[in-house]
Amino acid sequence: MYVAVKGGERAILNSHELIAETRRGDTSVPEVSTRQISEQLGLAVDRVMAEGSIYDRDLAALAVKQAQGDLVEAIFLLRAYRTTLPRLAVSEPVDTAQMLVRRRVSAAYKDIPGGQVLGPTYDYTHRLLDFALAAEEGVGEPEAPVGEAPLDAGMPHVADILDYEGLIEPEIPDEDASEPFDLTREPMSFPADRDQRLQNLARGDEGFVLALGYSTQRGFGGTHPFAGEIRMGEVSVEIVPEELGFAIDIGDVVVSECHMINQFEGSAERPPQFTRGYGLSFGHNERKVMAMALVDRALRAREFGEAAVYPAQDEEFVLYHADNVEAAGFVSHLKLPHYVDFQAELGLIRKLRREFEERQQKDAAE
Amino acid sequence: MSAVQEARWDEAYNFAYLDEQTKRMIRRSILKAIAVPGYQVPFGGREMPLAYGWGTGGIQVTASVIGPDDTLKVIDQGADDTTNAVSIRRFFSRVAGVETTEATEEADIIQTRHRIPEAPLREGQVLVYQVPQPEPLRSLEPRETETRKMHGYAEYGLMHVRLYEDIARYGHIATTYSYPVMVNGRYLMSPSPIPKFDNPKMQGNPAIQLFGAGREKRIYAIPPYTSVKSLDFDDHPFEPQTWDESCALCGADNSYLDEVVLDDHGGKMFVCSDTHFCEDRRAKGHRGELGADPAALAFARTADEGEAQ
Numbered sequence: 001m002y003v004a005v006k007g008g009e010r011a012i013l014n015s016h017e018l019i020a021e022t023r024r025g026d027t028s029v030p031e032v033s034t035r036q037i038s039e040q041l042g043l044a045v046d047r048v049m050a051e052g053s054i055y056d057r058d059l060a061a062l063a064v065k066q067a068q069g070d071l072v073e074a075i076f077l078l079r080a081y082r083t084t085l086p087r088l089a090v091s092e093p094v095d096t097a098q099m100l101v102r103r104r105v106s107a108a109y110k111d112i113p114g115g116q117v118l119g120p121t122y123d124y125t126h127r128l129l130d131f132a133l134a135a136e137e138g139v140g141e142p143e144a145p146v147g148e149a150p151l152d153a154g155m156p157h158v159a160d161i162l163d164y165e166g167l168i169e170p171e172i173p174d175e176d177a178s179e180p181f182d183l184t185r186e187p188m189s190f191p192a193d194r195d196q197r198l199q200n201l202a203r204g205d206e207g208f209v210l211a212l213g214y215s216t217q218r219g220f221g222g223t224h225p226f227a228g229e230i231r232m233g234e235v236s237v238e239i240v241p242e243e244l245g246f247a248i249d250i251g252d253v254v255v256s257e258c259h260m261i262n263q264f265e266g267s268a269e270r271p272p273q274f275t276r277g278y279g280l281s282f283g284h285n286e287r288k289v290m291a292m293a294l295v296d297r298a299l300r301a302r303e304f305g306e307a308a309v310y311p312a313q314d315e316e317f318v319l320y321h322a323d324n325v326e327a328a329g330f331v332s333h334l335k336l337p338h339y340v341d342f343q344a345e346l347g348l349i350r351k352l353r354r355e356f357e358e359r360q361q362k363d364a365a366e
Numbered sequence: 001m002s003a004v005q006e007a008r009w010d011e012a013y014n015f016a017y018l019d020e021q022t023k024r025m026i027r028r029s030i031l032k033a034i035a036v037p038g039y040q041v042p043f044g045g046r047e048m049p050l051a052y053g054w055g056t057g058g059i060q061v062t063a064s065v066i067g068p069d070d071t072l073k074v075i076d077q078g079a080d081d082t083t084n085a086v087s088i089r090r091f092f093s094r095v096a097g098v099e100t101t102e103a104t105e106e107a108d109i110i111q112t113r114h115r116i117p118e119a120p121l122r123e124g125q126v127l128v129y130q131v132p133q134p135e136p137l138r139s140l141e142p143r144e145t146e147t148r149k150m151h152g153y154a155e156y157g158l159m160h161v162r163l164y165e166d167i168a169r170y171g172h173i174a175t176t177y178s179y180p181v182m183v184n185g186r187y188l189m190s191p192s193p194i195p196k197f198d199n200p201k202m203q204g205n206p207a208i209q210l211f212g213a214g215r216e217k218r219i220y221a222i223p224p225y226t227s228v229k230s231l232d233f234d235d236h237p238f239e240p241q242t243w244d245e246s247c248a249l250c251g252a253d254n255s256y257l258d259e260v261v262l263d264d265h266g267g268k269m270f271v272c273s274d275t276h277f278c279e280d281r282r283a284k285g286h287r288g289e290l291g292a293d294p295a296a297l298a299f300a301r302t303a304d305e306g307e308a309q
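Heads up: the sequence lines are chains E and Z, in that order. This note's numbering puts the first residue of the first sequence at 1, with every later residue one more than the last. This note's numbering puts the first residue of the second sequence at 1, with every later residue one more than the last.
Incorrect hints may appear among the rest.
Claimed, not checked - List time: in silico DSS-like cross-link candidates among lysine-lysine, alpha-carbon distance up to 27 Å:
1. Z/K229 - Z/K149
2. Z/K268 - Z/K284
3. Z/K229 - E/K351
4. E/K335 - Z/K268
Don't read these hints as lab results, they were simulated from the structure. Please read these numbers as outputs of a predicted model, since none were measured by experiment.
Using the sequences plus the hints, can you model the full thing?
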């Protein structure tokens, strides 16, 4: 087999060696293990799993290590690996009402059935650098106290409490769609239904979705949200194998979920009701799911007959630009040579300038 | 099994990286694209191990049509040794174990970015274009829902108005690359960002021309011997680029030339963008005006052997 070896190829191979050396850094410092990343940089791993669309902590940790902590690059690695995986089954919808809750808060009610569960959160830490973490001897083995009683097994969704009174729009399962839209198998299509939009947002760049969600709060599409409920914990995933015909549990995944409750004026046909915005993500990704819930509601403008005038309400704008693997690729492709087209533009600009000068001279002569 | 029959590619991956179902889906899209020349067929594009915008559409198309006995040529800017062309060639050497070549006439499949080779293509060859933006109307209308309607109704007045505005402002059409073409008298099509110099080569070409846009998830095609007309007006006919200069290395006066800057006070030379075409000519004894100049020779050597580090 003949493979042309040229300067470009040698430069590429050398750059691979250089990136490996740079990634390792100072060799007098111990190498970080993927297990350490998975355990101690868990939120980075969670983000990579969520936007990489694979629930696998070990692979996500490997991607974070390989990408030197560049999470967008790590997400890209995981996505490219995902392409090579066969699809064995489609799971049943996960039931987040049955979640083994680690954290669950509502900003809409002071107390709720099952209680407010603060769980592990940075919310009430004072953001002071903790120099104890930088100490040579490390932090030892911190241990949180165990609660006196286990959490309530029943933790109904706050939205369901409102639903009981008819104060919030009912959530009606889509009966015609046997399987939800899958962006990883089909190209985007418009107008997009909510399943396509939610999948896009769940995979979308956290920063982009956050900024869009923020924009709706600042006035570029006000939807007056209340954080009805945010919860995080383990849910079990079930599939129904054809040969069995009933659901079996294939494992647990940690997910974060957010229900936003938004105002709605009502109309001649509909009584005033709160409306919903929804966010769900693999892992502990609270900022992401809150932003996602804001943008989900904004994108439902068409459904509620609202004029879609702001960026967060514009589904082509949001859906086409949310994916950071696509965005990073296309921005970075400007690094590729463009000298053929640049040459074409050079030729044109010289011609236009020549014509301009000729006109000037002609005008001066007259 | 003899050593010859053993897989020549990295067996951690399916042949040509994509699984067979995905390739079948892409082949169906390609067949549809060939049946409706110039129409953009949406396809379930996959995430590839190369970045979006770096040829993922072309790579998926190539991966779906290539066989173990095919010979592949990859060019970027007309050159076989630009880093991304090298990178894509390495990818296929690894995941498909195919032979690669720089000779246009020896290749079964030529994957390209921004150029059509100077040497005429023949029947049986496949030219795969990498396409960053498949929609020729996108710069005029950002919404896909609108542009699909415009194609449906063959409503291309907007593009003619844009070209007319160029004429009103500059006296001539000021589009130098991605110059829109009408395919088979029906669909307005982006030729990908090739210079308009290359547009006439698409017309009636005996090779199959396939276009892959990975990020935008579209495939389109021009079957052999199809009419591909660059948009123009009766009183402002289409004109490809021309140069006053000829190639400093091989003396060609009919090829697309790149400008090579020699110093920082205006010194420059022009050389063929198609490196194989230029080498071939020099091997046949053609010499340009700088053919014996030490600086030009050093450049040619760099281009041929590669000194980039």
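Now the hints, each set against the structure:
{"no.": "1", "hint": "Z/K229 - Z/K149", "in the structure": "holds (22 Å)"}
{"no.": "2", "hint": "Z/K268 - Z/K284", "in the structure": "holds (25 Å)"}
{"no.": "3", "hint": "Z/K229 - E/K351", "in the structure": "holds (24 Å)"}
{"no.": "4", "hint": "E/K335 - Z/K268", "in the structure": "holds (23 Å)"}
Of the numbered hints listed earlier, not one is contradicted by the structure.
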